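> Residues per chain are reported as follows:
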Amino acid sequence: MIEDGGKHFCCKGCQGVYHLLTEGGLESFYAKKGDTKLTPVAGSQQDLARFDLEGFAKKYVTQTENGFNEISLIIEHIHCAACVWLNEKILHQTEGIIEANINYTDYKAKIIWDPQKIKLSQIIEKIQAIGYDAYAYDPKVAEEKAQKTRRDYYIKMIVAIFATMNVMWLAIAKYFGFFSGMDKDIKFIISTAELVLATPTLFFSGWVFFRGAYFGLKNKIVNMDLLVASGALLIYLYSIYVLFSGIGETYFDSVTMIITFILVGKFLEVLSKKSAGDSLDSLRAHIPDEITVIKGGKEQLLSATEVQKGDLALLKAGDMAIVDGVITEGEASVDESNLTGESKPLFKQTGDRIISGSTCLDSTLTYRVSKDFKNSTLNSLTTLLEEAQNKKPRIEEYTNTLSRYFSATILTLALLTFAGWYLYSGVFEQSFVTAVAVIIIACPCALALATPVATLVGLGVSFKRGILFKEARHIETIAKAKTLLLDKTGTLTYGKPKVVKEQILKEFDRGILAALLADSKHPISKGVFEYLNAAPTQRLDNFKALEAKGLQASFEGKELIGGSKRFLQEMGYTINREFSSSHFIFGIDGEVAAVYELKDKLKEGVKQDLEKIKGYGVTPIMVTGDNAAVAARIAKAVGIEKYYSEQTPTQKADLVQSFHGGVIMAGDGINDSLALSRADIACVMGSGADVSIKVSDVVLLHDSIKNLQEAIGIGKTTYGFIKQNLWLSLLYNAVTIPLAVAGFVIPLVAALSMSLSSLLVVGNSMRIKLKWR
Amino acid sequence: MDATTITLMITVSLFLGSLGVVAFIWGLKTGQFDDQEKMMQGVLFDGEEELNDAAKKERKKKESHDEAKKKDT
Numbered sequence: 001m002i003e004d005g006g007k008h009f010c011c012k013g014c015q016g017v018y019h020l021l022t023e024g025g026l027e028s029f030y031a032k033k034g035d036t037k038l039t040p041v042a043g044s045q046q047d048l049a050r051f052d053l054e055g056f057a058k059k060y061v062t063q064t065e066n067g068f069n070e071i072s073l074i075i076e077h078i079h080c081a082a083c084v085w086l087n088e089k090i091l092h093q094t095e096g097i098i099e100a101n102i103n104y105t106d107y108k109a110k111i112i113w114d115p116q117k118i119k120l121s122q123i124i125e126k127i128q129a130i131g132y133d134a135y136a137y138d139p140k141v142a143e144e145k146a147q148k149t150r151r152d153y154y155i156k157m158i159v160a161i162f163a164t165m166n167v168m169w170l171a172i173a174k175y176f177g178f179f180s181g182m183d184k185d186i187k188f189i190i191s192t193a194e195l196v197l198a199t200p201t202l203f204f205s206g207w208v209f210f211r212g213a214y215f216g217l218k219n220k221i222v223n224m225d226l227l228v229a230s231g232a233l234l235i236y237l238y239s240i241y242v243l244f245s246g247i248g249e250t251y252f253d254s255v256t257m258i259i260t261f262i263l264v265g266k267f268l269e270v271l272s273k274k275s276a277g278d279s280l281d282s283l284r285a286h287i288p289d290e291i292t293v294i295k296g297g298k299e300q301l302l303s304a305t306e307v308q309k310g311d312l313a314l315l316k317a318g319d320m321a322i323v324d325g326v327i328t329e330g331e332a333s334v335d336e337s338n339l340t341g342e343s344k345p346l347f348k349q350t351g352d353r354i355i356s357g358s359t360c361l362d363s364t365l366t367y368r369v370s371k372d373f374k375n376s377t378l379n380s381l382t383t384l385l386e387e388a389q390n391k392k393p394r395i396e397e398y399t400n401t402l403s404r405y406f407s408a409t410i411l412t413l414a415l416l417t418f419a420g421w422y423l424y425s426g427v428f429e430q431s432f433v434t435a436v437a438v439i440i441i442a443c444p445c446a447l448a449l450a451t452p453v454a455t456l457v458g459l460g461v462s463f464k465r466g467i468l469f470k471e472a473r474h475i476e477t478i479a480k481a482k483t484l485l486l487d488k489t490g491t492l493t494y495g496k497p498k499v500v501k502e503q504i505l506k507e508f509d510r511g512i513l514a515a516l517l518a519d520s521k522h523p524i525s526k527g528v529f530e531y532l533n534a535a536p537t538q539r540l541d542n543f544k545a546l547e548a549k550g551l552q553a554s555f556e557g558k559e560l561i562g563g564s565k566r567f568l569q570e571m572g573y574t575i576n577r578e579f580s581s582s583h584f585i586f587g588i589d590g591e592v593a594a595v596y597e598l599k600d601k602l603k604e605g606v607k608q609d610l611e612k613i614k615g616y617g618v619t620p621i622m623v624t625g626d627n628a629a630v631a632a633r634i635a636k637a638v639g640i641e642k643y644y645s646e647q648t649p650t651q652k653a654d655l656v657q658s659f660h661g662g663v664i665m666a667g668d669g670i671n672d673s674l675a676l677s678r679a680d681i682a683c684v685m686g687s688g689a690d691v692s693i694k695v696s697d698v699v700l701l702h703d704s705i706k707n708l709q710e711a712i713g714i715g716k717t718t719y720g721f722i723k724q725n726l727w728l729s730l731l732y733n734a735v736t737i738p739l740a741v742a743g744f745v746i747p748l749v750a751a752l753s754m755s756l757s758s759l760l761v762v763g764n765s766m767r768i769k770l771k772w773r
Numbered sequence: 001m002d003a004t005t006i007t008l009m010i011t012v013s014l015f016l017g018s019l020g021v022v023a024f025i026w027g028l029k030t031g032q033f034d035d036q037e038k039m040m041q042g043v044l045f046d047g048e049e050e051l052n053d054a055a056k057k058e059r060k061k062k063e064s065h066d067e068a069k070k071k072d073t
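Chains as they are written, first to last, in the numbering used here: chain S, 1 to 773; chain X, 1 to 73.
Chain S extracted, bound-state conformation (with noise of 0.2 Å):
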C-alpha cells in the first residue's frame, strides 16, 4: 500500500493515473465508476515505436478527406462506461486529435488525428499512461458492408411493419362492414387509405424481391422472389383495378401482408448469416507484424513486409519468428508446437534452421533470414488455408434448387386455374380472383421463414453456451455430420504439462522453489510453478537459464539447480531413477530435494461428453501428432476406439479427406489448420492460435469438449426443427392449394390462413429454446 496525501493506492501504477487524472482536471471518474473494481496498471508489452512504421500505417491506418489520419482500434481493460468516458475525455483534450470515439458495446475507437500535430504512438501513450491499452485491428471491408445490407433491410422491415400496422386497423373496419354493410363512400376512403399504405410496401420494401426476381430472369431462373413478386404484384394491380370500377373486393392488405411476413424472413436470414467477427477481433492472438533486424550493428524495427532475404534479424525470448532463418549466433528452446503440434521445445543452436511460426522460449538468437514474408512457412500456410475455405460444398444450394421447382410449378398452376376456369365459367374476374388466391395461399411464406427462424433460435441458443457459429448454415452441416476428428493436445488435454506426482527429499521452503522458477517461460517450469500455487519470497543471487536444459541460482551461498534429470547428472548429482515421462528435479547443494513428474492431463469430463457424442450418431475418432504409446492410453482413457498417431499437419488434412459423409475437424493450434480447412465443418477452441480461427466454422469459447459436445447436439436440434418446419409448410400447401385451384378460397382468406402457417412455423421454431434451456 502507498498512501499519498490521504488516499491510498495499491501499486506506483495506480498513484500515476491519479495524478495525471487530478492535474487534467478529471477526478470525478472515481465517482463515475461507481463499484466497479479497477484492476491495477499493469506496464504494456507493446513497443510503442511501432505505431510509426511504415508498414503499419499502410495496413491500419486511412486517410480522410482532409488530409487527417483514422485508425480503428480496440481499448483493453474497459470495464465500465466511465472508462469510456475517461477515454474520450483524455483524447478530446489532446491537442491533435480531431475525433475520438469509443464503441461502449465492443470498446472499439474511431480516431481521426492531424499527422502534422501528433504522432500515432504519442496517442497510444496517452491511453496507456492513464492504465488501458491499445491494438490496432482492420475493420473489414467485408464487415461493413454486411452492415450495411442488415441496416438497408431493418429500414425496409420497419415501413413494411408500420404499414402493415396500419393496414390491418382499417381492414377490421372494412372486415365489419363486410358484414353489417358500409357505404359505398366509405369503403371506397378506407380503400384508398390502404392503397397508400400499400404502395410503398411493394415499392420500397418489396424492391428486394423484384431485384431478386430480376436478376433470377436474367440468369433464365425461376425463384421464390419471382413468385412473391409476381403474386403481390397482380394482386395489387387487380385491387386498383376493383378500387375504381367498385366492382369486387380490394386486397391492399394482402399485399402488405405478404411482402411484410417474407421480408421478416428475408432479415432474419440475413441477420442470422452475421458473422462472428465482432467477437473473434478480441479473441485474436496477434501475429506480429514487425520484427528487429540488425543493420549497421544497430537494432532496427522494420515491418514484417520489408525485410528481406540476407538480413540479421533478431528473436528475443517469447517472440514469435514472422519469417524463417538460419541461427547464426545464441542457442535456445524454441517452441515449433504452432507447427507440428509437438508439445516438447526444441533445442535449437548455430546453424540451425528456425521456422516461422515457431516461438523463442528463453534466450535471444541472431539468425540470417532465408526466405522473406512472402514466402515464409506461416504466409504460405496462411493462404493455402484461405483457399482451401472458399472450396466448400455449399449445401444450401439443395434448399434454393427445391424452392425454384415449387416457384414454377405454383405459377403454372396459377395459369392453369385461371386458364381452367376462364373456359369454364366465362368470367374473367372469378377465374383471375382465383388464379391470385393460388399464388396467395402457395406464397412460400412459411417455407422461406421455415429455416431462417430455426436457426436464428439455434444460434442464440448457442451463443448463450459460448458457441459461435460463424454461419448459419453451418448448423445444418454439423447436424449430419457422421464422423468427429479430434486433435489429442489442447483439444482433449490442457497443452500444458501438470504435475501429478510430487514426492519431497528434503524440506525446503516453496518460495525460493518459486522465485527460481518464476521468470522461466519453459512449459516444464510454467507446470511447476502453477502447481507450487506459491509466491516467490526470496531474491535470488547469479541467477541463469541455460537454454533447453535447467535453471539455476544461489540463494544464501547455497546453490539451487533445476531441471532434468540428465543436467542434474551433468552437475554432478547422483540419481538413479528412470522417468517414463517429463519431470522436474529440484536440488540444494548437490543433494535432490524434490522431484516432480509432470504430464499433459487429460480435460475434465471428456469422456461423458463423448458418450453423449456417440450418442447422436457421431464416431469420435483422434488424430494426434504424438507417438503411439501416448495416443492408445488418451484413447482407452476417452473410450475412444479408433485413433491415429504421428500424423503430420498435412497428414491430418488427408485423413479429413479420405472420410465421407460430413466430417467435423476439432482442434486449436495452428498445426490443425490445413485439416480444420479440408473438413465439412470446422470447430476451433476460442483459445486456439488467430490463423486456425479464421479457417474454423464454429469457435467454442469455453475450450471444452462439453461445448462441443453442445454446438452438435443444438446442431441436430436445429436441424431437425429445420425439416419439421419444412414439412408443416409442405402440408400446409397440399392442403390448401388443392381447395384453392378449386375455388374455394377466396384472396382474403387465402392472406389469412397464410399468416396462420406463418406463425405456426415461428411457434414451432421457438421449441427449440425449451429444449435447451
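Everything labelled a hint here was simulated from the structure, so no lab data went into it.
Bear in mind that the values here come from a model prediction, so they are computed numbers and not experimental data.
Yeah, the Cβ is synthetic: ideal placement off N, Cα and C, and Gly gets one too.
Some hints here could point you the wrong way.
Simulated DEER-style distance windows between Cβ atoms [said to hold, decoys possible]: (1) S:D183 / X:G20: 52 to 60 Å; (2) S:A129 / X:K56: 15 to 23 Å; (3) S:H19 / X:D66: 34 to 42 Å; (4) X:Q32 / S:C10: 37 to 45 Å; (5) S:L416 / X:A3: 37 to 45 Å; (6) X:A54 / S:M766: 42 to 50 Å; (7) X:K56 / S:T62: 32 to 40 Å; (8) X:A54 / S:S245: 53 to 61 Å; (9) X:G20 / S:S180: 31 to 39 Å; (10) S:F347 / X:M40: 50 to 58 Å; (11) S:G310 / X:M40: 27 to 35 Å; (12) X:D66 / S:E70: 12 to 20 Å; (13) X:A54 / S:K220: 51 to 59 Å; (14) X:Q32 / S:T328: 52 to 60 Å.
Given the coordinates of chain S, work out where chain X should sit on it, guided by the hints.
Just chain X, lined up with the frame of chain S:
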C-alpha cells in the same frame, strides 16, 4: 360519421404515424442506434460538464476542418 370526418381522421393519423417512422429512419441512418450501450449509459452523462464537452468537441472538430481547408486553398 360522414365521409369527410373519416377521411380527415385517417389522413391525420397516418401522417402523424409516418412522422414517427421518418424520424426513426433518420436516427438509424445517422448511426444513433449503432451503439445500444451508449444509448443506455447516456443518461448517466448528461450534466453541465458533458454539455460543455460536447460543445467543445464540436468546436474543435470544426476548427481543425477549417484549418485543413485553409491549407488546401
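> Give a verdict on every hint.
Evaluation of the provided hints:
no., hint, in the structure
1, S:D183 / X:G20: 52 to 60 Å, "violated (31 Å)"
2, S:A129 / X:K56: 15 to 23 Å, "holds (21 Å)"
3, S:H19 / X:D66: 34 to 42 Å, "holds (35 Å)"
4, X:Q32 / S:C10: 37 to 45 Å, "holds (39 Å)"
5, S:L416 / X:A3: 37 to 45 Å, "holds (42 Å)"
6, X:A54 / S:M766: 42 to 50 Å, "holds (43 Å)"
7, X:K56 / S:T62: 32 to 40 Å, "violated (26 Å)"
8, X:A54 / S:S245: 53 to 61 Å, "holds (59 Å)"
9, X:G20 / S:S180: 31 to 39 Å, "holds (32 Å)"
10, S:F347 / X:M40: 50 to 58 Å, "holds (55 Å)"
11, S:G310 / X:M40: 27 to 35 Å, "violated (57 Å)"
12, X:D66 / S:E70: 12 to 20 Å, "holds (19 Å)"
13, X:A54 / S:K220: 51 to 59 Å, "holds (56 Å)"
14, X:Q32 / S:T328: 52 to 60 Å, "holds (58 Å)"
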